[in-house]
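**Q** Fit chain Z to the supplied structure of chain G, relying on the hints for placement.
Residue numbers (my numbering), protein chains in the order written: chain G, 1 to 329; chain Z, 1 to 429.
Just so you know, nobody snuck in bad clues.
Restricting the straight-line Cα-Cα distance to at most 20 Å, the calculated cross-link-like pairs of lysine to aspartate or glutamate (EDC-like) are:
#1 Z:Lys209 - Z:Asp189
#2 Z:Lys209 - G:Glu306
#3 G:Lys32 - Z:Glu219
#4 Z:Lys343 - Z:Asp260
#5 Z:Lys209 - Z:Glu219
#6 Z:Lys343 - Z:Asp254
#7 Z:Lys343 - Z:Asp156
#8 Z:Lys387 - Z:Asp358
#9 Z:Lys225 - Z:Glu245
#10 G:Lys32 - Z:Asp215
#11 Z:Lys225 - G:Asp55
#12 Z:Lys387 - Z:Asp419
One side of the interface only, derived from the structure: several residues of chain Z facing chain G at Cβ under 7 Å:
#13 Asp215
#14 Asn217
#15 Glu219
#16 Ile220
#17 Leu222
#18 Ser223
#19 Arg238
#20 Arg242
In case anyone wonders, no lab produced these hints; they're calculated from the structure. Ideal Cβ placement from N, Cα and C applies to all residues, glycine included.
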Amino acid sequence: MKATTARRIFLAVLIVLTAAGFLASLLTGPVKTSAGDLWNLIMGRNQAQAVIFLDLRLSRALLAFLVGASLALSGAILQGFFQNPMADPFVVGVSSGASFGAVLAVALGLDVAAFGFSGQGLAAFATGLGIVSLVYLLSLRKGMFKVETLLLTGIAAGALASALTSFLLFMRSDSFDQAVFWLLGSFQLAGWRQVGAVAPYFAAGLVAAVWLARDMNLLVLGDETAQALGCRVRRVRKAFLAIASLLAALAVSVSGIIGFVGLVVPHWVRLLIGPDHRRLFLYGSLAGGTFLVYCDLLARNLLASELPIGVITAAVGAPFFLYLLHKKR
Amino acid sequence: MLASKPHDGPGNSTSPHFPKPEPGLRDRYFVDPVPALFCHDRPAGDRLAGGERLADAGKAKDQHFVDPVPSLLVAAARAASAAAAVLVLALTVGVAAVLMLFPAAGLAQSERTQPVEPGRSRTASGARDDLVRAQGGGIVGDDLGRPQTQASIRDDLGRPFPLPAAAPARIVSMAPNITEILFALGLGDRIVGVTRFCDYPPGAEAVPKVGGLVDPNVEIILSLKPGLVLAFRGNPLRVIDRLGELHVPVFVFDIGGGLDDMCGLVTRIGSVTRREREAQALAAALRSRLDALEARLAGVAARPRVFVILHSQGLWTSGGEGYISDLVARAGAVNIAAGIGRKWVLYSRERIVRDDPDAVFVLARSRREFEAAREWMAGEARLGGVKAVRTGRVFLLDQDAASRFGPRLVDVLETMARDLHPERFGEGR
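Here chain G stands alone, though its shape is the one from the complex (with noise of 0.2 Å):
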């Protein structure tokens, strides 16, 4: 009873932090807009900032939403994987192979669906998934995982695809933009196109992982309980696997690079509401969502011209995860 109180409470106010965070995201930004601008908007009277708060603020904040709950999806998804709380998709290494995938796509000229799952997102899901099996073989031994070996081949398999990535980069002679793009993450150019684009992805990807949460909720009791008590386990990790990777992929391909979201974020709901998957998948999505909102509005608003916003998200969640690891040993 009472830790439903909690969850109820938990819930409330992340729904009040969510349409506070799309509220100023529409309300902040370079030009100067007041609340007054959006009322008239709304009651249709004035159209002449439509195209600011509509196509260029809305579109970002619900890009950065998506973008935020597909990396925390991934990441929750990931530490039940890896049965690791230090797991997330930057970690691991999907992360940056998404993100060599997307740039080796674009160098080699496959940027030409620009509808759907394009070129590009295939070719960041298709590395992303190659990175990630790459690290789960490697860093498993006899059957079961040290954290040590798995963060460190992570990291490992992460940096060649980030050196393979700036690579790319350094051959293409117009590439400064392209550069802190693809490795630090940005929304400066979020649309509606790539709304479009991860949106119908990311809600697929929910379904199936609220789906498949018991078994996650078995899986982590150990490979052997869990078949015992009927899950059928390899199906299950691989279609996790899959799930993880194509939520981080889509969220690189449309973004960049933007790491520790899907470490902290599932940690923190994890903390306030349990362990059980079920609601771990929903709520921490929402609250990735929420998380990445206000970090774009932070990267927009710091400084008079963008930071990057894989630099926000670093600064908050690089000293938590050392404190994980300190904590830890």
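**A** Relative to chain G, chain Z alone:
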């Protein structure tokens, strides 16, 4: 986690509270009904011992499992601090947002109303119509008041661009050289946005800034309601595409390889902004200065070998494809880096020593920077012996003028020629 310590073997693991039981039996058949993840109330020692017994039995899956919720108390404390952190973050952002919004609201109101002049319609095309009429209707709009576009040209990215009927009333320039040319064509009062690097000619600093070369802000550009955005190849392609998606007309110019291209750029900007006559005149004036210089330098016997260095950014110089190489050639000299067929090249000290240039040009922003560069070269053991440094033929060039692909390059060229061949300018040494 305890279990990940390498020396944490089964031998030294007996808990003082729970003497090690007979191994095997319990572990083999015991499936923990309340798994560790959900269990807060069992003493730590028990869990420890249990985990290790499992390890003994070879079921080591749980050994490396990191329990995310060690105890209810700690979890509650952490939850509270996490909630506090989230709240503080949210409050800070909220307060900042409120502070930014509400005092700014009144100001924003006045700022917005200012640029809309009475009698001029709000949209760019409407303004264009007004202009067509004001100019005596040289090009007539159709019945609906839309200006007819006569022709379509392609920008330097190869994208078709319908020519406007008249000079757009609101132009955004995304590069300093374009800003300079626009001012030179008498369009200064129509420029509504420039980059933060656009500081020439004097009027340019007062124009609102849309950001830098690589980080122009789409929102600001849109809010300026431009009828035409002039970009160059160094601007991020993604920004240009995004502007295109939002139906802002963008024309992209390339940086050419020489002064002929520069004159071409002037006429192209002239045709996009419908200032053909002014552009032709400006290009002709520039060309005649180039011709005069060519005549003056005709038949120079010795063509000094020159190294051009961009100050304070490593040994960057202009390769054979760069327009600086063309400048050097027109100034009656040879660029030692011309053999490298790129626009900008990172040169090495060894190559400079090997090439032993007769003169060095330093692109610097100020006299002080130039002196610093000259001292550095004289002090650098190997560069100090280079002919140009020994004979004191190290010259200053205005970095701003020389690094912008605009009309001031002709000034730079004349300075170069004067420094390299003073005898041709009646300034015998």
